[in-house]
Amino acid sequence: MMLEDQMSLLFIEEAAELLVEFEQSLLLLESLPDDEELLTRVFRCAHTLKGNSKILGFGAIVDSTHELEGLLDRLRRHELAMTRGVADTLLVSLDVLKAQVAEIGGGAPHDKEARVLASTRIAALVADLPSSDAPRASLPPLDFGPLESKAPPPSVPFRPPSRRRTRRHSASR
Amino acid sequence: MAPMDGLALVSRIRARFSRAQLPILMLTTEAGDNLKERGRAAGATGWLVKPFDPVRMPAVIAHVLAARGRTQSRGQIS
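Protein sequence lines, in the order shown, are assigned to chains B and S. Going from the first sequence to the working numbering is simple: count from 1 and add 330. Going from the second sequence to the working numbering is simple: count from 1 and add 1256.
Incorrect hints may have been included.
SDA-like cross-link-like pairs, simulated, lysine to any residue; straight-line CA separation at most 25 Å [as the list claims (entries may be wrong)]:
1. S:K1306 <-> B:V456
2. B:K384 <-> B:D458
3. S:K1306 <-> B:D365
4. B:K428 <-> B:A438
5. S:K1306 <-> B:M412
6. S:K1306 <-> B:A438
7. B:K442 <-> B:A453
8. S:K1306 <-> B:T419
9. B:K428 <-> B:V392
10. S:K1306 <-> B:A453
11. B:K428 <-> S:S1267
12. S:K1306 <-> B:V392
13. B:K384 <-> B:V456
14. S:K1306 <-> B:G415
15. S:K1306 <-> S:L1321
16. S:K1306 <-> B:R404
17. S:K1306 <-> B:D418
18. B:K428 <-> S:A1315
19. S:K1306 <-> B:K442
20. S:K1306 <-> B:L369
21. B:K442 <-> B:D365
22. S:K1306 <-> B:D441
23. B:K428 <-> B:R404
24. S:K1306 <-> B:V350
25. B:K428 <-> B:G415
26. B:K442 <-> B:R406
Label pairs and their computed distance ranges (CB to CB) [as the list claims (entries may be wrong)]:
27. S:R1272 <-> B:G436: 53 to 61 Å
28. S:A1315 <-> B:A346: 38 to 46 Å
29. B:D335 <-> S:L1278: 47 to 55 Å
30. S:A1271 <-> B:D364: 15 to 23 Å
31. B:H396 <-> S:Q1328: 19 to 27 Å
Taking beta-carbon pairs under 8 Å as the criterion, some of the chain B residues facing chain S (in silico) [unchecked claim]:
32. E353
33. L357
34. L362
35. D364
36. T370
37. L386
38. T413
39. R414
40. D418
Don't read these hints as lab results, they were simulated from the structure. Here the structure is a predicted model, which is why all the values come from computation and not from measurement. Ideal Cβ positions, reconstructed from N, Cα and C, are used throughout, including at glycine.
All chains, please: the whole structure from these sequences, using the hints.
Here is the structure:
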């Protein structure tokens, strides 16, 4: 198996784990909207997925997660509240990401209309802000590691999946 | 819920116990953001909306308890 295929497999495995964590945290956030730790967890999932996608050139996922990060950042800064509409938008975006990851895994092409709808909803929420001269809460930038670095990292940038490690990616053919 | 409503009850309980001491989850039929906002102001930690998901309820409680455990282990309350 080509290195590229192995990288893609690793990407898909980790993306699946990240999306599960994203979804679980999001569902908890609906009940516990003031929980900063959950919000940070959701943000970290999107951010890590973006970084991994960037490295492998999965532009559609980079774009989706980038938009998502913008919305999550507004939430982290308390410029937006975790209303039902916001939670619904995050779930719609999650569905798009799942479809995009599935497409990379050989599934059907993701629904472009759903993708546009998610983008539009995010844009509307992000735009619906007080004027830009409103005081912004100062937040330290999150540092999740070197995923954003421009130079290609020397090693595989995402951790190998902790589970299913024994599964053979390099089939003997 | 006589003689007071749920929000009043939450306020009364919250007046005696801090958020770190006692998380309060409201189980409500209303999902409106306005009610959530009032619940938050009264001192609720979170909300579960009826009909609730039987998977979500224990997950939410587990998360609240885990977060509380971490707060306590950091020594923020004795």
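Practice prompt. Would you pick out the hints that fail for this structure and give their numbers low to high?
Written response: 1, 2, 6, 10, 11, 12, 16, 19, 21, 22, 26, 28, 31, 32, 36, 37 and 40
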